[in-house]
Amino acid sequence: MIFKRPSFWLTLLLAAVFIYLPLRSNDAALREDLILVAVAIILVSNLNLMIGYTGYVNFGHIVFYGLGGYVGLYLVSARGWHLPSAALTAGVFVSICALFFGLGVLRLRGAYFALATVGILVAVHAFVSNFDPWGRSTGMYLPFEAYEPLGGAMRALWVTYYLVIAVMALSMILSLAIKRSKFGLGLFAIREDEDAAVVLGINATVYKAIIYSVSAFLPAVAGALMFYKNGMIDPSIAFEYMLSIEGIVMLMLGGQGTVIGAAMGAGLYERLRSYLLTQPRLSNFHLVIAGGLLLVVVLFASRGLIEWLYKFVPRSREVIE
Amino acid sequence: MTALLETQGVSKRFGGLQAVSDVSFTIRQGEILGLIGPNGAGKTTLFNIVNGVYKPDKGKITFAGKDITGLAPNHVVKLGLARTHQIVKPLNGMTVLENVTVGACFGRESLGLREARETSLEVLKEVGMAERAQSPARSLTLAGKKRLEVARALAAGPKLLLLDEVLAGLTPTEVAQMIDLIRKIRERGVSVFMIEHVMQAVMKLSDRIVVLNFGQKLAEGSPPEVAADSQVIEAYLGDSEIADRLMEKK
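Heads up: the protein sequence lines correspond to chains A and B, in order. Just so it is clear: in the first sequence, position 231 is 231 by my numbering, and no numbers are missing. The number in my numbering is simply the position in the second sequence, starting from 1, with 1000 added.
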């Protein structure tokens, strides 16, 4: 059972800390820092399901987040939906889209699949930039009344923060549950050798399409929450290509295929990124760091920081998954 | 005895190469059928057609009364037809036990994780790998990896097991162990269809043998019949004395 796994309780502990810290000091700046960390963990955990579990590199992962943001914001602003139902609907809608994309592009393997995911990102970006109901390239804004159901804009910031933390915890628990399931075993087999996996009885086509679709759900929900919180969306912030690639760096840095490692990589990198981004002299210098980090990780620690932990504390392998 | 697997006029062409042409044979319940032939004769291609990796251009394959022509490998294994690979395909990043558990989970009985793990431990004991259960698959020797292939296929609970050169590259002791294992598998009621180049072994083990040459069936019969067949000697064994010696050892 998942409740017996230490990583499950570790995840809940992390979520509790995230909730407690800004609440204790009523510190909005800290809250804004932590929400970015949480979003990074959500994106990277779900990206891990594709890259770390199944062995398929998705360069266009951010498309789920952006598309979820658009659907959510559209439902709230143009249709007058409440946030929870809008966010859930965004998740379901994007997952269904991903299922269709997936059944098409998952016939490709290796570098060809990776290229196709870039294609999906560019195509969706281009579509949204020309889609009238979503405001084309100027995007959409949320009127202040949209925050009324949550008790005004100030309270809405806190509510969305808690919801994002919940999605973060769910992402990690989902990763953990899949890792310890028969479905997860099938995914790992596909990662190791897809042909052998099929001969052993795994329906690789269906498995890949399902995990691609699953990996879209929570990022889309998070996108809906985040762009609701921000009150606006446009194509360039919704589909930030760089973030898609940095997600891969975060995953490799922490340790692909592991739940805690992925979260650790996301957290560390996101803090570093925020620090560098706010240094006035270092505009976009974080990308240099990202490139350098990727090189170092690939060359010297291809299994991520978590592998060091396993090496120094062998028993942690059982506990920290 | 009833036919477990039956192929009728199976053919497969790759570009200009007729890899398998018009091959028909049957495997009976509980029998060990050997498949021999020179390199490039189409033996592995025939295996790949039988378990669904390739679709045949022509012909029909029936397994346990069902038409499985062109059925994907993942469906074929669920009907009880498992195989090993000539070029071993261990799931390297996983442990030996996890490898076998994959076989049990997605095989004929589609076991749940816990039952699959129990079944896998039993299978590992049976093939003599119990003490390696927690080792990473990549750390095994070639002989170990071949055993792992067999264990994985067995864990799927097959009615028919296709063994693709499980003896090649093994030391004499390892060959003897593997032969014992194949006998044990048959005693459990599993039929075996094996490609093998190690002649003594295949002559000793098989109830009947099918000989392929240039994609065509050259001969079929009991080991002594096949070894005495002048066409087989010419195409494959090369020398009638070798054939005689092989039969003496039996």
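Honestly, the hints are just simulated from the structure, not real lab data. Treat the hints loosely; a few may be bogus.
[Said to hold, decoys possible] Listed next, the in silico DSSO-like pairs over lysine-lysine satisfying Cα-Cα at most 27 Å (straight line):
1) A:Lys182 - B:Lys1058
2) A:Lys182 - B:Lys1145
3) A:Lys182 - B:Lys1159
4) A:Lys182 - B:Lys1078
Hint numbers contradicted by this structure: Hint check: 1 fails alone, others pass.
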